[in-house]
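Trainee: Produce the complete structure using the sequences and hints provided.
There are 4 protein chains.
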Amino acid sequence: MTPEQQAEIDALRAQSFVTRRATVPALEEILYDVIPVLDHGFVRVIDYMGDDAAVVQAARVSYGKGTKKVREDAGLIAYLMRHRHSTPFEMCEIKFHVKLPIFVARQWIRHRTANVNEYSARYSLLDREFYIPKPEHLAAQSASNRQGRGDVLPPDQAEKVMKLLREDAERNYDHYLEMLGTGDEVAEEDRGLAASAETVAVTGLARELARMNLSLNFYTQWYWKTDLHNFMHFLSLRADPHAQYEIRVYAEAMADVLRRWVPATYDAFSNYRQGGVLLSAKALAVVKSMIDGKPMSREDSGLSVREWKEVMATLGREG
Amino acid sequence: MTPEQQAEIDALRAQSFVTRRATVPALEEILYDVIPVLDHGFVRVIDYMGDDAAVVQAARVSYGKGTKKVREDAGLIAYLMRHRHSTPFEMCEIKFHVKLPIFVARQWIRHRTANVNEYSARYSLLDREFYIPKPEHLAAQSASNRQGRGDVLPPDQAEKVMKLLREDAERNYDHYLEMLGTGDEVAEEDRGLAASAETVAVTGLARELARMNLSLNFYTQWYWKTDLHNFMHFLSLRADPHAQYEIRVYAEAMADVLRRWVPATYDAFSNYRQGGVLLSAKALAVVKSMIDGKPMSREDSGLSVREWKEVMATLGREG
Amino acid sequence: MTPEQQAEIDALRAQSFVTRRATVPALEEILYDVIPVLDHGFVRVIDYMGDDAAVVQAARVSYGKGTKKVREDAGLIAYLMRHRHSTPFEMCEIKFHVKLPIFVARQWIRHRTANVNEYSARYSLLDREFYIPKPEHLAAQSASNRQGRGDVLPPDQAEKVMKLLREDAERNYDHYLEMLGTGDEVAEEDRGLAASAETVAVTGLARELARMNLSLNFYTQWYWKTDLHNFMHFLSLRADPHAQYEIRVYAEAMADVLRRWVPATYDAFSNYRQGGVLLSAKALAVVKSMIDGKPMSREDSGLSVREWKEVMATLGREG
Amino acid sequence: MTPEQQAEIDALRAQSFVTRRATVPALEEILYDVIPVLDHGFVRVIDYMGDDAAVVQAARVSYGKGTKKVREDAGLIAYLMRHRHSTPFEMCEIKFHVKLPIFVARQWIRHRTANVNEYSARYSLLDREFYIPKPEHLAAQSASNRQGRGDVLPPDQAEKVMKLLREDAERNYDHYLEMLGTGDEVAEEDRGLAASAETVAVTGLARELARMNLSLNFYTQWYWKTDLHNFMHFLSLRADPHAQYEIRVYAEAMADVLRRWVPATYDAFSNYRQGGVLLSAKALAVVKSMIDGKPMSREDSGLSVREWKEVMATLGREG
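Protein sequences, first through last, are from chains A, B, C and D.
So for the first sequence, the working numbering puts the first residue at 1; every next one is plus one.
So for the second sequence, the working numbering puts the first residue at 1; every next one is plus one.
So for the third sequence, the working numbering puts the first residue at 1; every next one is plus one.
So for the fourth sequence, the working numbering puts the first residue at 1; every next one is plus one.
In case anyone wonders, no lab produced these hints; they're calculated from the structure.
Careful, some of the hints might be misleading.
Each pair may be met inside one copy or between any two copies, as identical chains are not told apart.
Okay, derived cross-link-like pairs now, DSSO-like style, lysine-lysine, Cα gap no bigger than 27 Å in a straight line [what the hints assert, rightly or not]:
id : residue 1 : residue 2
1  : LYS160    : LYS69
2  : LYS134    : LYS160
3  : LYS309    : LYS288
4  : LYS163    : LYS294
5  : LYS65     : LYS309
6  : LYS282    : LYS68
7  : LYS163    : LYS134
Mentor: Now the structure itself:
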């Protein structure tokens, strides 16, 4: 964060307008502020539309607030969530400014029902900022899960990995600058290190080409806007233990924003989505047999070994 | 509008909150207010997110307002519009409450990139409100355009049509009530006429069935929310002379909302979308030949008779 | 179905082409054929893309079929379904021609992730075809569920309702024709009854206006195309007992198409979606307590009365 | 392309099924085949649904083919395109397998109305394949266009850039393998070079982490499926001279697929989209003044210098 950027943020935070719109003081409190994530990333709430009452108002297609009592509203919100009536939740909207490593951005962008404006590396220079995992997040490939992590690497190996990542990223960035040349324009915009004198041979490769030399841990940034329903869908997939750590930390920071913004919806989300489980017809039969005190065997259940384990874990049983 | 509904609206308009969010006084002024459309319909702005500066801010992925001078902002907005960079316009959002005839709703809903909550006739009773066109809008089938209107009907025929429409709608609604029965629940909710005593034979057909007896000119209502880009797309199609009059008047009322909300965007929209024209490659060749003073014939141009007429009309020429 | 329409369908069914594309004989068998639904409606499969193997192929981003053994493929499909990996299912596509009452079309169209072309009543005349429920489907408003049906109406009341619906629809259609006039064009296109001589006063109201006199049980038709993932989402909501009967019968007919088209996906859909249940965190705690033989009371569970009933029904217990 | 992959493709091409579906011989001819793009990339058509006649069939919501004469169909297709009736074009679908550099994939994925399954570098190893531009495509940053290319680099500088790109990519890939370790699993799957013996210190960093060391010119691959309308939208933006060369070559290869698939639609697309121009209201006034032989000055026109130049270029005039 440069002093100029901080000043811009401070200016926004010093703003104060009068509005008739639904307003959420707990969210206003952190509006525009930087919520740090990873080593150089962040999440900032830029704007929002609606609150818990707006969900109720839309569900009732009401002329006024649509609100009865806070408790009844919470009950209706829980009902809507339980029965997958998603459209009232689409009536609220939130907009973020996010700074994130490119490989995280590539997972994130798969959520198509959102609006995105990304910083353009065709148009502007990228900063010398890349993600280096902390040793405690450098894990070995999981033996059991082909797309997951296992044990943390031993310290010397972690050291080695961090060194390789850092050196390659630095070198790639040096060469990125070198290819771009060191004309006035670059000097003016570049907020990272200057390319070393001896390598200045290229006088200005197009930015849209030079950027391809950067690695996937470099940071990009974007404005990302979505509605409350799709925001929760994003969180349910990305704040999940199966999500890669590096995107999960963003989702967790944003789940906290959800809690501030729409507390009743957040409670229902926690109960029905994050803490909820989906049982297949076969798994349900197993559960029923257990309640009856005549537990079915896995073979009789028709469950695969994998699903059996998942179901038993859900029920807090040994497989 | 019942007194209760008006009181609810007044209560919302009396609200006043302090916010750090982008706020547009010209839009706040009409927030929640009823903008009448057709004989019983309306449009109300319920909420909004962002302003002209938010478009610029997103296009620049900036930390602060992203605004330089108002004039530069307008220039950037025009540039974005001209070059079909639509994503920055997706960063603003607007929410309406709309009351509209069902046949209009059926056209409107075809715009899929919007969020909708419609009043449920499975759950609640519909009011005795239906659209009857004014005589000056009762036009004959167009002879030249299979999906358009021609001349206005002669007064006696217009009279006849209005009578048929009104009588059928009244009778259909009477029977709707009759099928629903006249139990306490209906009496309480029904704000229209009661079914006549002699017809009370049915004691309560399900609402989800009874509604099928209503005709397509009955009014429904919904909350409708969309982003600025898709809002303009809706307006460009529905505030267009080719659109059916009954949806066009809604679009025109909403175009006025656009003007209040984001004046720079509105100007660019007027110039590039509403007033702009699309010329095909062949039509462009015709235009060039005219500029050169050696106008091409229709036969040489390869244009169909219909497109030729359209192009000449665009250029303000006789075909 | 007119003889001309049947001849058109027969001509399509007589077609035979050679293709390298994934082909499903069980679906080819019924291609283009009319599957009757309700009194005048139908569903026809017009085209499809992909099969079970195409799901696997996309999940593996493979150069060839991606298929190993049928059994392994089914396992992968079940895994994808269980873990909500929806994108491979989006790689198959299906296209239907559907004839349906307008009030059903209005529910259906709320599924936005589909492509639709509807028959235009601005452009063409609608047929004299409207839905009249059979007596066994004429149910009273449910006392417990504000948007559902309760007991079937007594025969005399059912008779009364059917009479009202039929008479109003007939009259509305007569007046629709009358307003359109009885010029040559109408005579040619009209496949229903002619307006009676004495009412011929109007010489041709625009079709886009006259249609508003038709009631919501009139039939419309459309081409509807969606991908396999969204098709299943549609089925999970509309082939559900909570869905209105009149749309459910369409969904059920289409679920049978799903079974023919992608049998492995259908099995997983049955097990995980249609037969599966979602338990909230609180409901899961109740289930665990029951398995442990120390069942929690509703009060301790924190469940609402309604959710408690739903959970007990799911577990096949008395509440 | 490995021999195994080629064999898989050959097996698919040797398939032959009988179908009643709309079938396009010119597209069947190249089905599954590799269309090379850039140094290691490709486009392959995997499946398709519909043809020109299917557009017409949907527009008419017909029971049969909907086709009259080929010439009339082409006329209707042109009409639909000219008047932006996009839904009939949504009734055809196409599916591709694409291999492309990651920085190209990042532009491409911004088209949200498509279905995508990407090769997972969390799950599998990426190949040692990266894009190195040819000297004739290594251009300097444009002086006039902040996001474009200017002149080609002099040979020695081009040489230097290619050397830097290649060395960095090779080194990054070596380190990627090194971090992953050289266990049996990797050896089996790895189709690139093995990590050198001396660097084997890490015994197996998780793939989801190691991949971040790869640069944006490495190749990824995906299945990409979209409908005909959105396919043309993609082509109109990406086969455009303003698009970056590296994505444009993909779009151009795919435009050729469009021509094979739906020739009448392709002609209309060429005339109305690719060759067509959008004139603003102000630009139209300029054109009219030129036709009248009384050309307006730029100052009077109200056009910006930039738009004036664009309009004059469109008209083939000096600015």
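Trainee: Need the list of violated hint numbers for this structure, in ascending order.
Mentor: Hints 1, 4, 5 not satisfied by this model.
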